[in-house]
Amino acid sequence: MIGGLFIYNHKGEVLISRVYRDDIGRNAVDAFRVNVIHARQQVRSPVTNIARTNFFHVKRSNIWLAAVTKQNVNAAMVFEFLYKMCDVMASYFGKISEENIKNNFVLIYELLDEILDFGYPQNSETGSLKTFITQQGIKGQTKEEQSQITSQVTGQIGWRREGIKYRRNELFLDVLESVNLLMSPQGQVLSAHVSGRVVMKSYLSGMPECKFGMNDKIIIDKAGKGGVTNEAGKSTSGKQSIAIDDCTFNQCVRLSKFDSERSISFIPPDGEYELMRYRTTKDIILPFRVIPLVREVGRTKLEVKVVIKSNFKPSLLAQKIEVRIPTPLNTSGVQVICMKGKAKYKASENAIVWKIKRMAGMKESQISAEIELLPTNDKKKWARPPISMNFEVPFAPSGLKVRYLKVFESKLNYSDHDVIKWVRYIGRSGIYETRC
Amino acid sequence: MTDSKYFTTTKKGEIFELKAELNSDKKEKKKEAVKKVIASMTVGKDVSALFPDVVNCMQTDNLELKKLVYLYLMNYAKSQPDMAIMAVNTFVKDCEDPNPLIRALAVRTMGCIRVDKITEYLCEPLRKCLKDEDPYVRKTAAVCVAKLHDINAQLVEDQGFLDTLKDLISDSNPMVVANAVAALSEIAESHPNSNLLDLNPQSINKLLTALNECTEWGQIFILDCLANYTPRDDRESQSICERVTPRLSHANSAVVLSAVKVLMKFMEMLPKDLDYYGTLLKKLAPPLVTLLSAEPELQYVALRNINLIVQKRPEILKHEMKVFFVKYNDPIYVKLEKLDIMIRLASQANIAQVLAELKEYATEVDVDFVRKAVRAIGRCAIKVEQSAERCVSTLLDLIQTKVNYVVQEAIVVIKDIFRKYPNKYESVIATLCENLDSLDEPEARAAMIWIVGEYAERIDNADELLESFLEGFHDESTQVQLQLLTAIVKLFLKKPTETQELVQQVLSLATQDSDNPDLRDRGYIYWRLLSTDPVAAKEVVLAEKPLISEETDLIEPTLLEELICHIGTLASVYHKPPSAFVEGSRGVMHKRLPARTGSGEGTECPDVGNAAGGSAPEAAPSIIPSQGDLLGDLLNLDLAPPTTTGPTPSTSGMQMGGMDLLGGGLESLVGTLGGDIGGSPAMGAGFGAAPAVMPASLNAPVGGGLGDLFDLGGGVGMPMGAYIPPKTVWLPAMKAKGLEISGTFARRAGVIQMELVLTNKAMSVMTDFAIQFNRNSFGLAPAGPLQVLTPLGPNQTIEVSLPLSTVGPVMKMDPLNNLQVAVKNNIDVFYFSCQYPISMLFVEDGKMERQVFLATWKDIPNDNESQFQIQDCHLNSEAASNKLQGSNIFTIAKRTVEGQDMLYMSIKLSNGIWVLAELKVQAGNPNYTVIELPASEIAAQINASEFKQQTDLNINCSEETVN
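In order, the protein sequences belong to chains A and B. Number 21 in the UniProt record's numbering belongs to position 21 of the first sequence; there are no gaps in the numbering. Number 477 in the UniProt record's numbering belongs to position 477 of the second sequence; there are no gaps in the numbering.
Some hints here could point you the wrong way.
[What the hints assert, rightly or not] Computed cross-link-like contacts, BS3-like style, restricted to lysine-lysine with a CA-CA straight-line distance of at most 27 Å:
no., chain 1, residue 1, chain 2, residue 2
1, B, LYS327, A, LYS346
2, A, LYS363, A, LYS401
3, A, LYS305, A, LYS346
4, B, LYS327, A, LYS355
5, B, LYS327, B, LYS282
6, A, LYS217, B, LYS282
7, A, LYS257, B, LYS591
8, B, LYS45, A, LYS59
9, B, LYS327, B, LYS424
10, B, LYS45, A, LYS11
11, B, LYS327, A, LYS305
The set of hints was computed from the structure by calculation and includes no laboratory data.
Here chain A stands alone, though its shape is the one from the complex:
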């Protein structure tokens, strides 16, 4: 198990050091600093073995978190724990920075004592941690309150406390998708996938039981088998179903029920959380198509023409569009002409950045640039990094639709239709690249 946990600043100074196991000595702190943080080369692996001691590290801005062990630990668990640790810290004091860590070091020690015992991760849900790790000391708690805390920390529903009350029961549901694309210069899709998240903000009283439904092919087929036949089921719903390759759920979702009935039922945590993640690869709506044309005119000039085409309903508007066209290192000057938006050559980033605020569906826009090059005697050809793109669209490129979200709370007197529900779809670009 984890033998110790260290947090360093960018200079390699220790900000937090907590040792859980006897086999980890103080010298381990220095070993990591010397061999990883101060190493001249780029990091070649997030797991390093130095003198029979194993270091797992992650970096957040310029802060290093390192878990240390001498045993054959579950490596995936260690990394998951480090991410979780970052989440917990972030939800307590915001951004993870040297300043914030120094300001909250007592709190961090307290957290580390609670969520890692002898190197075994314990309950690390911020919802319940915040009930008893408060930096105020535990004062004036009644016996009931104490046992409520402990039962929540250890209980089956560790993520929600009892007795939550809201005047208005409200629910916000965001379907956030990032669409990833790698396209060849000829316009052939090399790989494309959507990774999506369903993020919820729930402000519900009591211990409500929720049920979530979407247009997943398997779920619909399953429902279809129950009553209407498959074909009829499709025509009545009138919607297209999508094929989800795989999905993972927040720990509040009953996985065994999903496995047997494909139904997503859960008691939600209070406030904001990520209900599920999913991935699709079939029938993805690619919101933009990039058509590059690069021509080398002699040794000192490049002509670049890039056309972007929007490919969705004309009534919808895409936002925050940005096209990044890489330029060679020996670029001396660039002239750009674009039909829409603004384009600039950014020498420090070796790229032409073309920004368009808004663009409706089924439109097309174009940029052309002349790049002057300095003659070099470098034999190696320019590697031509791909043209990348950023955007945001108000629909889900995977085609996912929320069919229902039902709320049941048997003990309190509010019913499903008393709950105000908001649903929003946002599609963003992930790694959206076209080779040129």
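Add chain B to chain A, keeping to what the hints say.
Just chain B now, with coordinates in the frame of chain A:
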């Protein structure tokens, strides 16, 4: 108020100031002071001098302050054990506190204080906390048992905490169960043989129930523990799999990987024709792909594991090639791993896509990545024959870029392509030669030299090229020197007239001016070979090379199996067994996949004893798999890149059996050869014969056999007597909790002896040995107890001779000479089976009267007769007869007909069955014809080939008498 100010106290004399503050009356000031102390402690300053003052602050109602003091205590208690005792009272008192959070805090902290005196006081509070009404306290106490065990294992056992911990597995609270499982698993790891985690269907059921309810971390503990269980049969295995599969949809990647581990392991037991088996395979792919959208560090862990899974079960991800395409912004460690998996998944179906990607990668910036991409193109060519041509042209394009490291890498892989497809792409040699000057890395230089040497006859200026390398011979690395030596000898053999001078130059450089023994030895071998017998030299040096295997870099199957059992852990990230990087007793235990129990498929692991008893297989595979193959070296194959050295894929049982088998075979064969030479100085002759033997045994690991080859005097005085097969491993240590048994059978002075070698490869002492046989064909049974009088300590070996009688119960076995043995010791009972040579059963009074012989010969029905030839046995009839007599095969009569000697022989088995044989020996013809006539129906079942084998070996052994 911010706490960062505490980090900036660097004044002198601060210890005194702190001391004063700690003893202040004001609570706030005290707390401030303790915070300063902790901050100093964090940055590595020694503040142990403040111990008594800090401990004094422990008695407080302020929980925050209390926690800080505890933190200090954990750090410094070890250095101040006497003072730490001062804290005990507070701990004990806190363990009785009405607030469960404080009770838990106390027991948690106490367990972290590694002072013997404190642990004594810990026992009582811990016992209470283990039975506390509050689950939060119980789950903390469960982990505390593991802490205490780490400090003082004996104490934990004496106090009965282990039993209490076991009880907690049935606790109503899932988190308590999870922590108890974690603690027990850890304790069990340091007691490999204890039955601490008594996993049975009932307890497994409890764990599976808790799995649905506990936190993500708890699920990981439970799944990791489940992975250690071996279900009783395929049905239980399936039902556990069914209950574990929902975990594949968990958001926590570690939960997913641990679930994959359980499934991969238990799947071994499912029959492959089962529908569920196919369903399970399909279910595994999507979650594995999803792991690739996690953060890069987790992606790395996932990719390392997928690499293992793809090797074990390639069918799972064979359609998922695209997800492993490298993204421009991936961290380099993710890129390299993805590339590795791409090569493994490359097949004819997707090769075009893969190749297009690889070409793209070869133009990237990172040198390591580019090199690997170029190498990958070469691997594709070797793996998918249809793509070879395209790969070669891609590589040529890359060579045209003239980027130094790309060119070098390309040349190294092209050499491999030549090895795989000889005489197909030699047209590119000219292009390669153009780049000779730019090669500065040893591997690339060596590859180029190999190519020049191998195709010397097609390169007009081969001699000039090689000569140019020779100028700086002593500055080259060993790899290049060895290659240069071989290449020039090849050149000489191909174009002897023009290159005599060159070869002499290189031989003298290698033998006289070099300190490297490898180089010198090879130089001498070539030299003598060339001077003694140029024809033999040609045969040896220019021998046809076996093709290289297409699957490369494969992890050795036994290691792969072990790593599959460690999915998700560090071992799977390093691709090394835990024992390679974990100190102490932890991780010494080797995990193995369970054997398949279901029907529908033959056993994957043939019995070791079974394989060991047989003879060398007829057809040796045409691949050179064995690592650092010395034999290959002799045959001038050393240039095979590291990638060609992995063993051929095969099941684990085969692997082990195969090795023993061939090891044994080789030794006897080579032993014979040594005898053949018989001390004569004609080394050349010995070498001339060597290649004839070697191809058959190429597959063998380099054992002692080769030593014998050079040990010329070794075989001269071979004693006459019964043939004794070399010892083979009957029971590997992996199968028997560290006990390894090897042995053989011998007949000495009319008594059959089972000669055993027992080796203790475990950490604990073994005693109380006993042995028993199952009923067998000839009624073999131990004539006395197994004489192991002294306990066998770790790493000790003992040789025991067990006399056998032939009066035991009889049951016909298949094969006839199969023997099933049970060996017991203080740890467990182990079973294995072995085969004894039939010749053990030939009794001394097997000489039949001539008259009886004649009569019996006529009486035996023709059906019983079998006939076979013994090849290549240079032995006259008399010597053969003498030799066979040593094994109780008696010659009754001899006659000579037309230059053919006919020997009539008789054999009597221990159960009274007679076997008669006729041996035809033709002078000058090395082949013998044997006609075998067993005298009864039962004996007819003695397989003719078995008899042949025995006779064969006997005759082989006696060969030295001829020369």
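Going down the list of hints, with the structure as the test:
Simply put, LYS327(B) and LYS346(A) have alpha-carbon atoms about 23 Å apart, close enough for the 27 Å limit, and the pair holds. Of the supplied pair hints, the one linking LYS363(A) and LYS401(A) holds, its CA atoms being roughly 25 Å apart against a limit of 27 Å. This hinted pair checks out: LYS305(A) and LYS346(A) have alpha carbons roughly 17 Å apart, not beyond 27 Å. Under the criterion of a C-alpha separation no larger than 27 Å, the hint pairing LYS327(B) with LYS355(A) is consistent with the structure, at around 23 Å.
Straight-line distance between C-alpha atoms of LYS327(B) and LYS282(B) comes to about 26 Å, which keeps the hinted pair within the 27 Å bound. A C-alpha spacing of about 17 Å is found between LYS217(A) and LYS282(B), which places the hinted pair at or below 27 Å, so the restraint holds. Among the hinted pairs, LYS257(A) with LYS591(B) is inconsistent with the structure: their alpha-carbon atoms are about 33 Å apart, more than 27 Å. Distance hint between LYS45(B) and LYS59(A) is fulfilled; the C-alpha atoms sit about 25 Å from each other, no more than 27 Å.
Proximity of LYS327(B) to LYS424(B) is assessed by CA-CA distance (about 35 Å); at most 27 Å being required, the pair is judged violated. Under the criterion of a C-alpha separation no larger than 27 Å, the hint pairing LYS45(B) with LYS11(A) is consistent with the structure, at around 18 Å. Proximity of LYS327(B) to LYS305(A) is assessed by CA-CA distance (about 24 Å); at most 27 Å being required, the pair is judged to hold.
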